[in-house]
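The lines below spell out each chain.
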Amino acid sequence: MERRPKFDLERLVEAASVDAFMLGGSRCLVILLQYLPDHLTCRRFVQELVALLSQGDFCNTKMLEDRKGDAEDFDEYGIEASTELLDQYGMEEVCWYIKFTIRKGDWGDEVFFISVHPLEKPIERVDGWLSPKRRLHS
Amino acid sequence: MKKRICPACNKGSIVDLKKPGRRTPYRNIPDLEIPAELAIPTCDHCGEEWVDAATSARLDDALKEAYQSVLPAKVENALRQLTEAGVTQQELERLLGLSVGYLSKLKSGKETSTQLIGMLMMLAAEPSVRVDELRELWRTTTSSPQVVETKVTEQGSSMRMVITDVLPSIPAKNVSLSGHDYPRGQRQTTENVVEASGRFGRRSAS
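Here the protein sequences line up with chains A and B, keeping their order. Just so we're aligned: the first sequence equals residues 1 to 138 in my numbering. Just so we're aligned: the second sequence equals residues 139 to 344 in my numbering.
Looking at chain A on its own, in the form it has when it is part of the complex:
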């Protein structure tokens, strides 16, 4: 059966391109700040990484239970970053894990929550398996 993401990837890419997202989760910022100097650089990196995502990078829709017993969903992606992007940010981690969800905000607006960190274990994507990979010093 064909795997399909719950959320429209194009909407995520668009939200990221205009910097309209919340970044966090899984100690994402603490991890990113070990590679990048400050928060705004982290956001720029995430924006550029998300811009590279394609449907083939989709892995799975993850379900979390909320306090009312309803399920909330995250779409999970895995991506091998381009050499240009890695060079630009001086990154050694080649493969990245991206998880995102869209929730209704306080004013009925949609809020994009994105969590990003280096891939920690192999994941199966639409385009095949992706494993953690480091490159030698850039």
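Calculated directly from the structure, the hints in this document are not laboratory data. Careful, some of the hints might be misleading.
Think about it this way: if two alpha-carbon atoms lie no more than 25 Å apart in a straight line, the pair counts; the simulated SDA-like pairs of lysine to any residue are [claimed, not checked]:
(1) B:K202 with A:V30
(2) B:K243 with B:M259
(3) B:K202 with A:R44
(4) A:K62 with B:D182
(5) A:K62 with B:C184
(6) B:K248 with A:D38
(7) A:K62 with A:L136
(8) B:K156 with A:K62
(9) A:K133 with A:N60
(10) B:K202 with B:P163
(11) B:K202 with A:E48
(12) B:K149 with A:P5
(13) A:K62 with A:G90
(14) A:K6 with B:K156
(15) A:K62 with B:C147
(16) A:K133 with A:L52
(17) B:K212 with B:V238
(18) A:K104 with B:C147
(19) B:K149 with A:E110
(20) B:K156 with A:V111
(21) B:K149 with A:D109
Label pairs and their in silico Cβ distance ranges [to be verified]:
(22) A:S26 with B:K248: 35 to 43 Å
(23) B:G235 with A:L64: 56 to 64 Å
(24) A:A20 with B:S237: 44 to 52 Å
(25) B:S242 with A:E14: 48 to 56 Å
A few chain B positions that, by computed beta-carbon distances, are all more than 10 Å from chain A [claimed, not checked]:
(26) I143
(27) E187
(28) V189
(29) A191
(30) V208
(31) R218
(32) L272
All C-beta atoms in this analysis are idealised placements derived from N, C-alpha and C, irrespective of residue type, glycine included.
Use these hints to put chain B onto chain A, whose structure you have.
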């Protein structure tokens, strides 16, 4: 109005939280304290932070200020340790190729150089050893061991002798040398090299 539920735990709500004791990596400092009065959207259940563009900008501004105040303290601490070890600021400026008075500007925060501060901290961690090493490293004459080939004609073999006098910090007796023709089981040192060469008579440097 719908409340914003934390997507990390699906249990708590994301609220603007101000509190002391929060720390974060920032540039080369792994644990810079985030100012207590700065509000960060944080889950009231799991403590996960979710940062938007505006909060990121505020965080970076506040952290930059905190960072700038930490650096002079690092310089002052390193210079104090170096001074206590007998290294003057003037000599440090000379060894590090700095203009006179630059370290004072660094200490007062008028100048900033994280690379230089890193170097000062490294020197201050073990001043007597590392400053001596730096003095030696700036020399233009060789400070590596000189190797002299020694022919031992009586035995029909040759050995290499290392002259260690140019390394005063390494006691000659502890230097193990390449070569052979020593009494079985005895460690090869300058003393027994000299002894061996005396025993074998002629020694010629090539």
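Nearest-CB test (10 Å) between chain A and B:V208:
Answer for B:V208: holds, closest chain A Cβ roughly 15 Å.
A:K62 and A:L136: Cα distance at most 25 Å?
Measuring from Cα to Cα gives roughly 32 Å; hence the hint is violated.
Hey, A:K62 versus B:C147, does the alpha-carbon distance stay inside 25 Å?
holds, 13 Å
When you check the alpha-carbon spacing of A:K62 and B:D182, does it fall within 25 Å?
holds, 23 Å
With respect to the beta-carbon atoms only, verify the hint that B:G235 and A:L64 lie 56 to 64 Å apart.
holds, 57 Å
Against the 25 Å threshold, does the CA-CA distance of A:K133 and A:L52 hold or violate the hint?
Judged against 25 Å, a Cα distance of about 18 Å means the pair holds.
Is the gap between the beta carbons of B:S242 and A:E14 within 48 to 56 Å?
Roughly 52 Å apart at Cβ, these two residues keep to the hinted range, so it holds.
Keeping to a limit of 25 Å between CA atoms, is the pair of B:K202 and A:E48 held or broken?
holds, 24 Å
Could you grab the alpha-carbon distance between A:K104 and B:C147 and see if it respects the 25 Å cut-off?
Roughly 16 Å between the alpha carbons, so the hint for A:K104 and B:C147 holds.
Are A:K6 and B:K156 close enough, with their CA atoms no more than 25 Å apart?
violated, 35 Å
Measure nothing beyond the straight line between the CA atoms of B:K202 and B:P163; if it is 25 Å or shorter, mark the hint as holding.
holds, 12 Å
Is 44 to 52 Å right for how far apart the beta carbons of A:A20 and B:S237 are?
Between A:A20 and B:S237, where Cβ atoms are some 48 Å apart, the hint holds.
Hint violations for this structure: numbers 7, 8, 13, 14, 26, 27, 28, 29, all remaining hints satisfied.
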